[in-house]
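Q: Sequence:
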Amino acid sequence: MESNGVNGIGKQAASAGDARHPGKQKTLALTNGDTHSPYPTPNGVSPSSPVALLGSLPPELRHLDCGMSLGTLIERVAELCHRGVEDVVLSLEKRPLPMANGVPPYTGNKPDVNQQKKKELMETVNKHRTRFVKLMVLIQWSEQAGKQMGQMIDIKTWLHELQQCYDNAGKELAVMKRALQPLKIRSPDMETALAVLSTGKVPWMTDIGFLPSPPLKARRMLKVLHTLDTMLNIRLVVHENLIPQLRNYRIANGRATFSFASEFELDVYITGEDSALPFYFLDVRFLFHPAPQIADGFLRNEIEFKLNAILAENGLRGACDFIHSFILTHKISVLKRQAIELSRGNWASSLHIEQVHRVLVVQYWTESPQPKSWLEIGIDSGRKGVRRLASDKDAITSFLKVRWMLNGKEVPDTTIPIGLKELSFEQLLKRVVALHVGHILQSTHSNLENIKASLPAHAREIMKTNLARSDMETADTILTCQIGNHQAVTLTIDGVTGRPVISPANAVAAMAQSDLENQKDSANMHMVLMRYLAYDIQDSIYRQAERSGWRLMKLAVNEEDVKSKMGVGVLRHGFYHARGWKATKWYIAYSVTLSGESWWAAEMQVVSDLQGYCDANSANSSYMSDAYRLTECRRLPTKTISGVEPPLSSYHFRNIASFAARAISYWEANKSLVRLNVPSAIRYVLYNQQGNDDSPMEPSNSRTLPALCVRFSSLLKDFTFNDQFAADLLQISYLGFDTDLGAVRLQAKGMMRRPARLREILHRTRNDDLWLDSSGSFSLHLRTGLGTSCVNRLVAQLRTMGRVCNFADVLKQRGLECKKISLSRVVFTYTSDLEMELLFTGIETTPIKLAIKPDNPHRRIGRLLEAVVNDGPNGFKSFTIALGFTLPLLNAFDAIELRHMSSAVSDIPVIHARSPDHFRLCYTNPPCVFEIRMRLTKDKLEWIIQQPTTTAQREERAMNHPTLNGTIMELFKSVGDGWSGMSSMIVTDVNAVGIPLLQLDEAISECTRTEPASDVACDAPNVIMVD
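Just so it is clear: in the sequence shown, position 569 is 569 by the UniProt record's numbering, and no numbers are missing.
Fair warning: there could be bad hints in the mix.
Within a straight-line C-alpha distance of at most 25 angstroms, the following computed DMTMM-like cross-link-like pairs (lysine to aspartate or glutamate) qualify [claimed, not checked]:
1. LYS336 x ASP394
2. LYS201 x GLU240
3. LYS849 x ASP809
4. LYS421 x GLU367
5. LYS336 x ASP380
6. LYS877 x GLU955
7. LYS585 x GLU817
8. LYS563 x ASP521
9. LYS336 x ASP471
Hints in this document: simulated from the structure, not taken from any laboratory.
Here the structure is a predicted model, which is why all the values come from computation and not from measurement.
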């Protein structure tokens, strides 16, 4: 048989080589005799040989790559060499030189010392050189055979794993065979079974020949049991030193039963009277639930064997201690299993369970941001800190104990009982959680009570806090807070998750719950609750204000400014405009504290520097562009007698708006009175006491309301005592607010000094702003814009009222008929058919305007008459006198103008009214000027007509109109009915002033018709006479 062989050359390869190279007879021998390739290969292995195929491992082989990198090995060796040489050099440098008699030797060349140093250095270098040589050999070997060695290692590892699989397969088969042994059904013995069933005997089985014992009788059995009871009683009383737990026993039916409350009952018996004989286990019963069931079989046999061994070695105490420890451990296991079931049910994601040896640790509220809290259930020895008698030193004292860790700290002096008879981890956990919840809410309640104690006495009654606590149920622990008449807020904590729950639920409560859940310290919960109470009141105010038509004003106001005006305890505040308000600087403000909400009338002032005045929270885009400074803040009397705000309602908001409008009106009026140095005071007066139906006020029951009291004499200082038509006391009260006009309605009430004299005239007034009583009192109604002082309007109305009274008195004295009279106008008649209407403007400069009809002659001097009527307290009297003495003159002027308008010959003369008692009549063709003046002569009024012309002017006029001067002179010397000429003037009575004027006008007109103007006069330029 031929093969490739080792150390041989294959014949087939040789013949193939000869065929390929016929000219060559030499056979190419390869290393190790492999002739598959004509080219030499390393170690003589051909790539197609089985050895060469090892270069590519099958895919099922796992390559191990757990060795050290060659580069790392080189770095380590180089580092080790450097450190070794460095250490040697340093040690040689520090080596001390030998000294003789304390004198250092000569430090020159010492052959011995140098040789020693060189020797140590060479040894170190040689050692590291050896390492580098080994490293070089390893590198060279790895370059040649590294890959093959790796493959061999992989194969070796694969073979070793395969061998382990073979060994394990045999072991698993043996284990399976032993496990299947109890399940094996043995082959039935059919022959023996047939013999027993057919004959009842088995002949081929030997008979031992035992004699059966006689059956026991009942009396015999009872006697034996009594004997055993006596033996047990003597044994336990005389010979046994029982611990306290074993002294609770009973003996019956030949057995001694030892009972451990809520744990177990152990039955034992003895077999003789000898005290050296041990007790034997008979039965054990567990007295708790759930308890393990010990059925007959392997487990019971094991327990019986174990307990009999302990009874024989350690006696009754050892057996009871063993069962006691077993039950305590079992109870911990039961509690752990129940805790795991809870963590998979309702308490999912809220419990973390861990057992360390025989200690069960359960953390609850795992998702809470507060520090961890947990329970530790373990076995306490019960010996620490307890003094016992010498006879009780071996007592069984261990018991189950619960240690409660609250926020990472143990809670001392807290006994948490465990239901040892009925094991329930859920009840235990609920009790602990209820204690935790009670602790949190009790702390919050105490903090709120401390804050409440710092409030004023009236505020303590407004803020109500109550804590209902239960140590068993979390849902029964409730903290209730209420401020005033607002809805009560309850705070509870979910026992499963530990999250606070606030009710009633709303958007604000959701935000408060989120803040409470994120609190890392429960000691700060009262601060969040305080903020929530303030937010809740603010939200209620916002919703009710929106329903009442109020407008929220977002004003950037400094918080410190608000607290300085409203109090340091302000938690929330806001500003509103009530329905119909148009004031730019007055607002209705509210502040929320722990004593409830308070309402204010706030006056604002715009501040130009927004960033420098407001804080970062208020100066943002949601607020107005301007910053505001709170300049004035007046508290509104909105609280009831008990000091509590009424419930928020539309009626209450209407009252607040009314109170604010009243306060603003009074304050603005008071500021104006202070500027005028007028004393004023707020007094509470009784309104509608008698319910007069004539009053414009709405009938209501008697009540006291604030009124601003002012002195009349101080308000109208230009009125003398005799001129005062009212008593010295005026009451300014608030009537209401007109939402359509945005105006405040006020009432000024006073008493007439002499009502009987003016009652007849004033009772005929038909004015809604003035109301007169039969007793002489009057009510003056004012309307003014909100935030605007009513003093100017009041002064104007009082002056008007004084003028009305003065006018009525004057009209009565002058005998003039008053047709209409009110605070807005007075209409009276003079002569038979002429009317004069006076309008009261309320303007201080021109308080009275005249409304004169076009056909009234006095229309010509209307402005002059206005000046007369507005001239002081006696102006109206002078005005009526002027009407009388100017009427005949004005009628004459009208007649002259009418005559000239109907004539086409002469020009219309120009009439200049300098004052009611001074007029000038000017003619242009011919040029004539007449002065008409009033003169008082011996208490009699007379008109004086003069011609203020010089001699030169008369001579010039004579050149154009020769007869005119003579005609005028004749009239100035004539005497008529009621008038007489005095050469230089004409003196006439008041009623006769028209006769000489008409005669003068007739003479001038006649001259113009009979003496036409000369050429010179015609060629002369027109002369315009300027007065």
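Q: Each hint should be assessed against the structure and marked as holding or not.
A: Results for each hint:
For the given pair, LYS336 sits about 30 angstroms from ASP394 by alpha-carbon distance, which is inconsistent with the 25 angstroms threshold. Distance check on the hinted pair: LYS201 and GLU240 sit about 53 angstroms apart at the alpha-carbon level, beyond 25 angstroms; violated. For the hint pairing LYS849 with ASP809, the CA-to-CA distance comes to about 20 angstroms; that is within 25 angstroms, so the pair holds. For the hint pairing LYS421 with GLU367, the CA-to-CA distance comes to about 32 angstroms; that exceeds 25 angstroms, so the pair is violated.
Between LYS336 and ASP380, the direct Cα distance comes to roughly 18 angstroms. Compliance with the 25 angstroms bound is thereby established for this hinted pair. Pair hint LYS877 plus GLU955 does not hold up; C-alpha atoms about 45 angstroms apart against a cutoff of 25 angstroms. A distance of roughly 49 angstroms separates the Cα atoms of LYS585 and GLU817; the hinted pair therefore is violated under the 25 angstroms criterion. A distance of roughly 28 angstroms separates the Cα atoms of LYS563 and ASP521; the hinted pair therefore is violated under the 25 angstroms criterion.
For the proposed pair LYS336 and ASP471, the alpha carbon gap of about 23 angstroms is at most 25 angstroms, so the pair holds.
Hint compliance for this structure: hints 1, 2, 4, 6, 7 and 8 are not met, and every other hint is.
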